Structure formats: C-alpha cells, structure tokens
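Protein sequences appear in the order of chains A and B. Using this note's numbering, the first residue of the first sequence is number 86, and each one after it goes up by one. Using this note's numbering, the first residue of the second sequence is number 276, and each one after it goes up by one.
Worth flagging that the hints you see were computed from the coordinates, not collected in a lab. Check before you lean on any hint, since a few could be wrong.
[Said to hold, decoys possible] Cut-off 35 Å, straight-line C-alpha distance, at most; resulting in silico cross-link-like pairs (DSBU-like, lysine-lysine):
{"id": "1", "chain 1": "A", "residue 1": "426", "chain 2": "A", "residue 2": "506"}
{"id": "2", "chain 1": "A", "residue 1": "236", "chain 2": "A", "residue 2": "251"}
{"id": "3", "chain 1": "A", "residue 1": "484", "chain 2": "B", "residue 2": "309"}
{"id": "4", "chain 1": "A", "residue 1": "506", "chain 2": "A", "residue 2": "236"}
{"id": "5", "chain 1": "A", "residue 1": "506", "chain 2": "A", "residue 2": "212"}
{"id": "6", "chain 1": "A", "residue 1": "506", "chain 2": "A", "residue 2": "484"}
{"id": "7", "chain 1": "A", "residue 1": "162", "chain 2": "A", "residue 2": "100"}
{"id": "8", "chain 1": "B", "residue 1": "309", "chain 2": "A", "residue 2": "506"}
{"id": "9", "chain 1": "B", "residue 1": "309", "chain 2": "A", "residue 2": "314"}
Note that the structure is predicted; figures quoted are calculated from it, not measured.
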Amino acid sequence: MVRPLTSKLSRRPVKKYSAVNILRQGITRAPWAPVLVPHELRGRYDVVIIGGGVHGLATAHYLASNHGITDVAVLDKSYIGSGGSGRNTAILRSNYLTPEGVRFYDRSMELYRNLAADLNFNVMFAKRGHLTLAHNDGSLRTMRWRAEVNKLQGVDSEVVGPAEIKKLVPYMDTSEHARYPILGALYHPPGGIIRHDAVVWGYARQVSARGVHIHQDTEVRGIDVAGGKVTGVRTNRGDVAAGTVLNCTAGWSSLISEMAGVSMPVETFPLQAAVTEPVRPFLDAVVVSASLHVYVSQTDRGELVFGASVDPFGSYSMRGSLEFIEGLAGHVLELMPSLAKLRLLRSWAGLCDMTPDFSPIMGETPVQGFLIDVGWGTYGFKAGPVSGEAMAELVATGKTPEIIAPFDLARFTDDRLMGEKGAASVGH
Amino acid sequence: MMLLPCPWCGPRNVTEFAYRGENIARPDPNTADKATWRDYLYYRSNRAGWEREGWFHRAGCRQFFSIERNRTTNETRGVGTPDGAGDAAHSGDSR
Numbered sequence: 086m087v088r089p090l091t092s093k094l095s096r097r098p099v100k101k102y103s104a105v106n107i108l109r110q111g112i113t114r115a116p117w118a119p120v121l122v123p124h125e126l127r128g129r130y131d132v133v134i135i136g137g138g139v140h141g142l143a144t145a146h147y148l149a150s151n152h153g154i155t156d157v158a159v160l161d162k163s164y165i166g167s168g169g170s171g172r173n174t175a176i177l178r179s180n181y182l183t184p185e186g187v188r189f190y191d192r193s194m195e196l197y198r199n200l201a202a203d204l205n206f207n208v209m210f211a212k213r214g215h216l217t218l219a220h221n222d223g224s225l226r227t228m229r230w231r232a233e234v235n236k237l238q239g240v241d242s243e244v245v246g247p248a249e250i251k252k253l254v255p256y257m258d259t260s261e262h263a264r265y266p267i268l269g270a271l272y273h274p275p276g277g278i279i280r281h282d283a284v285v286w287g288y289a290r291q292v293s294a295r296g297v298h299i300h301q302d303t304e305v306r307g308i309d310v311a312g313g314k315v316t317g318v319r320t321n322r323g324d325v326a327a328g329t330v331l332n333c334t335a336g337w338s339s340l341i342s343e344m345a346g347v348s349m350p351v352e353t354f355p356l357q358a359a360v361t362e363p364v365r366p367f368l369d370a371v372v373v374s375a376s377l378h379v380y381v382s383q384t385d386r387g388e389l390v391f392g393a394s395v396d397p398f399g400s401y402s403m404r405g406s407l408e409f410i411e412g413l414a415g416h417v418l419e420l421m422p423s424l425a426k427l428r429l430l431r432s433w434a435g436l437c438d439m440t441p442d443f444s445p446i447m448g449e450t451p452v453q454g455f456l457i458d459v460g461w462g463t464y465g466f467k468a469g470p471v472s473g474e475a476m477a478e479l480v481a482t483g484k485t486p487e488i489i490a491p492f493d494l495a496r497f498t499d500d501r502l503m504g505e506k507g508a509a510s511v512g513h
Numbered sequence: 276m277m278l279l280p281c282p283w284c285g286p287r288n289v290t291e292f293a294y295r296g297e298n299i300a301r302p303d304p305n306t307a308d309k310a311t312w313r314d315y316l317y318y319r320s321n322r323a324g325w326e327r328e329g330w331f332h333r334a335g336c337r338q339f340f341s342i343e344r345n346r347t348t349n350e351t352r353g354v355g356t357p358d359g360a361g362d363a364a365h366s367g368d369s370r
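Looking at chain A on its own, in the form it has when it is part of the complex:
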C-alpha cells in the first residue's frame, strides 16, 4: 500500500481536473474539492433563477464568467438536472428552418463544442453526423428548404439520396420495399450527441466554485410583485427578495409565470423516450424520421437511445404507456429490421412546454424584472448554452440581445410567429 505523503501541498483540495492532478491526487491522497457546497438560503439575492437545469445553470455560469455577477441563487424543487435536462435524448444540431433559428442553435453548437474546455469537465461531446429522413415528397421538399436556409447561414447541411444514407448507416432498410420507403435525407455533419448529465454537473461545478448558491429541494410557491415590478419569491424554505427573477422551468413554466400574473401561450405535453441494452458500436450517425415519429442514436456505452413525438394529449404526468413502447418498437424495426432481438432496458417521460409556433419564448415580460426562458418544447437541451449566454446578457445589461430578439413574448400579439414546426418536432 502506498503511504500518502503528508506535506502542506497534499492537504490542499484539488480543484482542477487534469491528468497531472489525477496523478498527484493518486500519490498524495489530497481530497478533491467538493463540487456542490450546501448553503443557507439567504433573504436576498440580486438574481434568483428558478429551475436548476441546463438553462438555469448555464445562465448562472455566463452571469458569473461573462459579467462578474455572482450574487445569484439557482432554485430547484428537486435535484439539479431532474427535469428535461436529464430526460432528453442529448442530440445536438442546428439544421433548423428559419434563419433566426439556425443562427441561434448554431451559436449553441459552437458553445457546446468548446464546453469541455470551458467548464474543465468532460461532457463527452461526439460529432456524429445527423440524418433527418424523408419518406414522402412533402418532407423531401422541406429538407431541401432547410438545406438551403442552413447553407445561407454557413451551416453544413445537404440533401442526400438512399445510396449515401446506406453508406452512412449500413443497417438501415433503404430498399423500395419498406412500408415507408426512404426517398432521401437532410444530412447535417456537425450534428452529434453529448452526455446530458455531465453538462448539468459541469455547469453546476463551475457556478458553485464562483460563489453562486445552488439550492436543491427548494420549491418556489409564490412570486411577489409590487407596482408592476418583481420583488422576490416565496419558497418552502423561506422568502427571498430579488431584483431579477428568471423562469427556466420548461414543462412547469406556465405555473411559475402564473404566480407572477404572466400568462403564456404554452401547453405542457409529456414526451417519452427509451433505451436498449448496450451492444457493440454499429450506429455512428443520429437518425431521425419525422414520418415514423422516432429518433435513434447510439451512446458511447453502446445503448441505443430512442425518442418519439410528444404524447397525443397534454398532461403533467410523467407515467409511460405501453402504446408508446409498441409504437416505438414498430417504427424502429421499420428503419432497422435487424434490431428485432434487441431488448429495451427502460423508458421514461419528460415534460415539454409546447408553443404554437414550435419556437421558444425568451426575454422580458409585462412584469418588470421577471424574465422568461421558456417554451422549450422538444428542443430545449440543445439550446442550453446559447440561452444561458443570451439571458445572462439580458440580466446584466437590461438590453435584449439581438440573437434572441425574434423569440420575445410579444410576437404572439404582433403577428411575428417563428414557425419551426417543420424542423423542430417529429410529430407532424
């Protein structure tokens, strides 16, 4: 047994994750610095962020790192990453339909690509290539449209035919005899997957180290507004005064906004996903089929992750259904018949705050100081970093950054909807 060295150096907790420090920690047995330090809930913070998912934590991170604002509390009614951030299928892409959407999601991809270095945390980003299949002329037309919009914005996207699809995904049934033959696909090489829990933990570790308070098991039960201005929140652990309150609660966001008297065009739908037992790597690309309501990717551990469209009726219930599993299995086998003997390990559901135009709602509300970063539907995880960066800028400067200006709440009364249905969802 190696005896730990007991110098002054060895007792200092190791903060930075690096190969050198792993070696040093192995020899000296110096403790790793604690990642999440519990704090007393203070009576006042400059900024209160409701929701400890990727959006809330990213906002806290960019507030601290880009603007030096650290008098911030992130509140979550459960544990961090317990909502959509830990329940999504971790797919990253920026091949959207509107120029505003493409620009926005592409900035997020850029931040994701450099996130491991930025956070000093291995978020396991893997560039895999992303295929959106078209099974009919209408879909193929939308893919062509998306490819041209993407290219104009400098995003790598192209429509490819069945032969090229077969080369990228040899196990796919690209024959003409399939029930829904594949006519082509939108191929988006920069697309990929990431470890979603690691993104949450990486952000949480950084903001915690910078002095931001992360309060788990802290449920917001009321929001105080006086004279059209937000003054604080009431929680199960006590009242907190704050000049700025940010709602980052996705599926539950309309309940939180209602507390501040802000109504929103949002309806909550569950979305179910499932994962198989791990097998050897055979699927490199991320495969999406809108007509078959399914998307498939293989994780670094070898499991296949399947996602679907939202459930057919609105609900806050996260209970799974047999209909989902049956439908999903059928659709996956239509794409890749050779997976017939693969066993499902588990399935789960997350909540999606759907908006009428399938675009998010970000920015100011009629209540001064009450900001929203909601309406994330089925596409919130991939937008985490850029939303955090933009919302942090809004909190710090009071001015809405240009990149999120098209996604404001007022667009629903001003007839400026940002129709993304053709690129944001698989259920149409």
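Once you have looked at the hints, place chain B on chain A.
Relative to the frame of chain A, chain B by itself:
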C-alpha cells in the same frame, strides 16, 4: 392503459380518442378585438389540475364531447357531455 369514458360508448382506451384541448369559448370574429382573438388562438391556462376539455372519439362513435380530466394524474371525473363540440381549441388537431 388509460380509460376515457365516452358518453355514448362507455370507458374506452384513450388511444381511440383525439384530444382537442381545453374548452375555450370562441369569440365572435366580427366583434372580437385583436387581443381577444390572440388569447383564443394561442393562450391556454395549462393547469396542473382539473380542466374541462374537448375530445373526439375518432376510432369509435366519432362524436365530440367534453369531460373533466386531472392534468397531473390523468384521472377523469363524471361522465362526458356532448357540449363543446365546435368551440374546443385547435391545439390537439395535428398531434
């Protein structure tokens, strides 16, 4: 399996039904101002509790009806009533 009580067919699997969303009265398009019309089109109360909703028995008797459902537990209460046929929102149509 989740059961939904159809006023004509009795309790049936929810997969037979199409969800039409919260019951919202349609304002008169000739007199409604812009804000009222936008509210009708886009805004939902999205409660985490009991809500009166419109459903369509698509794979059954093909009748419209309304029923109260708890949007957190998915329980229903009472029996469906044949009101709310035309004025339910559009939100569930294409999903």
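Outcome of the hint check:
{"no.": "1", "hint": "A:426 - A:506", "in the structure": "34 Å, holds"}
{"no.": "2", "hint": "A:236 - A:251", "in the structure": "24 Å, holds"}
{"no.": "3", "hint": "A:484 - B:309", "in the structure": "28 Å, holds"}
{"no.": "4", "hint": "A:506 - A:236", "in the structure": "19 Å, holds"}
{"no.": "5", "hint": "A:506 - A:212", "in the structure": "25 Å, holds"}
{"no.": "6", "hint": "A:506 - A:484", "in the structure": "28 Å, holds"}
{"no.": "7", "hint": "A:162 - A:100", "in the structure": "28 Å, holds"}
{"no.": "8", "hint": "B:309 - A:506", "in the structure": "24 Å, holds"}
{"no.": "9", "hint": "B:309 - A:314", "in the structure": "26 Å, holds"}
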